[in-house]
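First to last, the protein sequences are chains A and B.
FYI, the numbering used here numbers position 5 of the first sequence as 5, with every residue one higher than the one before it.
FYI, the numbering used here numbers position 216 of the second sequence as 216, with every residue one higher than the one before it.
Simulated from the structure, these hints should not be mistaken for lab results.
Just so you know, these numbers come straight off a predicted model, no measurement behind them.
Any given hint could be a false lead.
Residues of chain B placed beyond 12 Å of chain A at every Cβ, according to the derived structure [to be verified]: (1) Ala109; (2) Trp306; (3) Met309.
So the derived list for chain B, only partly shown, Cβ under 8 Å to chain A, looks like this [claimed, not checked]: (4) Thr3; (5) Arg9; (6) Ala106; (7) Met298; (8) Val301; (9) Val303; (10) Lys304; (11) Met310; (12) Ile332; (13) Ala333; (14) Leu334; (15) Arg336; (16) Ala395.
Built from N, CA and C at the ideal position, the CB exists for glycine as well.
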Amino acid sequence: MEDHAIVRLEDASKYYRQGQMEVHAVDGLSFDIHKGDFTALCGPSGSGKTTVLNLIGGLDVPTSGKVFLEGRDIGLLSRSKISAIRRDRIGFVFQAYNLIPVMTAYENAAFVLSLQGVSDRECRDRVTAILKEVGLEGLENRRPDEMSGGQQQRVAIARAIVTRPAIVLADEPTANVDSANADSLLGLMERLNRESGVTFLFSTHDQRVMDRARRIIRLHDGRIESDEVFN
Amino acid sequence: MRTLKIASRNVFRNWHRTLVTTAAMGFAGFIMILFASLMEGLLQGSERNAVSMDLGDIQIHAPDYREDPDLYKVISDPDRILADLKKAGFHAAKRLYGFGLAASGATSAGVQLRGIDLSNESDVTQINRHVLKGKWLEESDPSGVVIGRKLARTLGVDIGDELIFVGQATDGSMANDIYTVKGILKSVGEEVDRAGLYMQDSAFRELMVLPEGAHEIAVMRPDRSTDLIAATSKVADIAPGCETLNWRELMPVIARILDLADSQMIIMVIITYTAVAMLVLNAMLMTVFERIRELGIMKAVGVKPWQIMMLVYAETFMQVLAASIIAGVSGIALSRYFEHNGIDLSSLAEGASFGGVAVDPIWRAHLTAESVAVPIVFLFIIAFLSVLYPAIKAAVIQPVRAIHHR
Ligand SMILES: Nc1ncnc2c1ncn2[C@@H]1O[C@H](COP(=O)(O)OP(=O)(O)OP(=O)(O)O)[C@@H](O)[C@H]1O
Ligand SMILES: [Mg+2]
């Protein structure tokens, strides 16, 4: 593919020092993610999935190698630039406890938009539409502790996509929900990808989740074991 | 605005902690306001007793009268000085002093005789209104005297009783006469209480055979907010060849205590608030650590470090604001109460004195804007300083660590 990659890793490595040992959490990874991709990052626990997502999301910096986001080397950007990129260009969905407990579903979904300074009116229109899209119509005023795990993850997805980011990074988004909910969350992500063209990169070690991906990157000890594209 | 909304919800989230923190701050603030207004009352009372009951602002004496208060060391032209002082806009009164023995029945006591220029004295001091029992001196009653409260007790005299004064007149003859106790003064100061015997000017002159001069001229500025030093030198110019001193020079101890009162108040506030500061620090540190994950998520999705600090500060601000309202309302209420209903110390410390100046046996608060503002402003300052550490801690949270925390 010749079009600009949204994400490009060039020989990216992340080493952690644990006592005397050096852990190669990510070890010389190179791959591209393109617009419209629906990619799963798989591998056993400790294989480096979270670390990869953190590097791409600018939450962590590589020990060596480069990470490009929409063509920009994020290693060269200042902290506040990176923080602005996270806010404007990346949607984050974490494994659990994504939401701010004192805010309602609506407020959580609107949180990043209001950080961006989007007007209240536009914010309301977009958030209402997204919450409907993720199937949370009528639950706008619920606090996180009044929603199920699956509903909370939907709010997190709503928050991640409402800003129309270049990519949504989801670290084991289904790990804390039951299989029925996992299924419907994946269905939602798939539909958003297909219908609205949202680019997803998510990590998982759930086989049924992997089966829905169109591309699977398998990691082992911080290296790519396989990289397959399905159709 | 969004920050304030989130902050207010966080404040209610762990409401018992908020309640404890806010109540502690409010209580400390309340205590400090009450303390400040009681101190202010005490100090103002002392200054009032020193200046308005006895000294006046400025005094004129013959050159070394104060070292050796001799009956002969008089200001030779008191009437000219008095007239000039009045022309310059001051209130002024002549005073005469003598020493001797007062006796009633079998008891006697050394007394300081004070000859009062009745028509002018009431412009200078308020001693005429400071009568505990009976009445102040009256022109029409030259044999009436007013005495200090302790003296009355020593002599065992009451209103209407007679007492005999014995002393030495300027001509070397024995000065003695019988007087009637017309009034007994409230506490003024150790000296007056124990030995003060007030009589009118003319009676004194007759008794002590002192037709001319005065031992002291007491001066009062009509507006006490004007510069005392400037007024003192103005008075000194009017009375050349005399010693002119203001009350600060006459009572350096009291002046110094009053000067230090503000800084002492601030020191007290800081000491008391240190405990509060630790509580705030601890409470806010706990909130930050409890919410480390959620703060990490906030940072991950693009909230800037300073915005996180703002959030912590907004939460603190709300609690301090609530505490200030509690402190202000209760502090003002109780101070007002003690303004009207003084604390009666008479049984505890009869005639207590403070740098030689009597403390009113009824201790009243005096509420000033400062006695409310200083404790509240410092509450904010101390809380904001102590929350700096938790706020920075929150601001520098690394999202990666925070999200994987627990
Ligand atoms: N902050 C850290 N300090 C030290 N070592 C770390 C740190 N973060 C990750 N590691 C190590 O790096 C390796 C990769 O961790 P990572 O969390 O990326 O794996 P993962 O694939 O996400 O695992 P899991 O499926 O359990 O979430 C592991 O060996 C882990 O112990
Ligand atoms: Mg992980």
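Okay, the hints, checked on the actual structure:
Chain A leaves Ala109 (chain B) outside its interface by the beta-carbon criterion, the shortest separation being 76 Å against a cut-off of 12 Å. Against chain A, the non-interface label of Trp306 (chain B) is violated: not every CB pair exceeds 12 Å, the least being about 10 Å. In this structure Met309 (chain B) is separated from chain A by more than 12 Å, as the shortest Cβ-Cβ distance comes to about 14 Å. About 11 Å separates the beta-carbon of Thr3 (chain B) from the nearest beta-carbon of chain A, more than 8 Å, and the hint is not met.
The restraint placing Arg9 (chain B) at the interface with chain A holds, with a minimum CB-CB distance near 4 Å, inside the 8 Å limit. About 84 Å separates the beta-carbon of Ala106 (chain B) from the nearest beta-carbon of chain A, more than 8 Å, and the hint is not met. The restraint placing Met298 (chain B) at the interface with chain A holds, with a minimum CB-CB distance near 7 Å, inside the 8 Å limit. Because the smallest distance between the Cβ of Val301 (chain B) and any Cβ of chain A comes to about 5 Å, under 8 Å, the interface hint for this residue holds.
Checking Val303 (chain B) against chain A by beta carbon gives a least distance of about 6 Å; that is within 8 Å, so the hint holds. Restraint check, Lys304 (chain B) versus chain A: the minimum CB separation of about 6 Å is within 8 Å; hint holds. Taking 8 Å as the C-beta cut-off, the interface hint given for Met310 (chain B) is violated, the closest approach to chain A being about 13 Å. With a least beta-carbon distance of about 34 Å to chain A, the hint placing Ile332 (chain B) at the interface is violated under the 8 Å criterion.
A distance limit of 8 Å between C-beta atoms decides the matter here; for Ala333 (chain B) the minimum to chain A is near 34 Å, and the interface restraint is violated. Annotation: Leu334 (chain B) was flagged as interfacial toward chain A, and the flag is violated, the nearest CB pair being 36 Å apart, outside 8 Å. For Arg336 (chain B), the suggested interface contact is broken, since its CB lies about 39 Å from the closest CB of chain A, more than 8 Å. For Ala395 (chain B), the interface hint is violated, the least distance from its beta-carbon to any beta-carbon of chain A being 12 Å, above 8 Å.
Of the hints listed earlier, those the structure fails to meet are numbers 2, 4, 6, 11, 12, 13, 14, 15, 16, in rising order.
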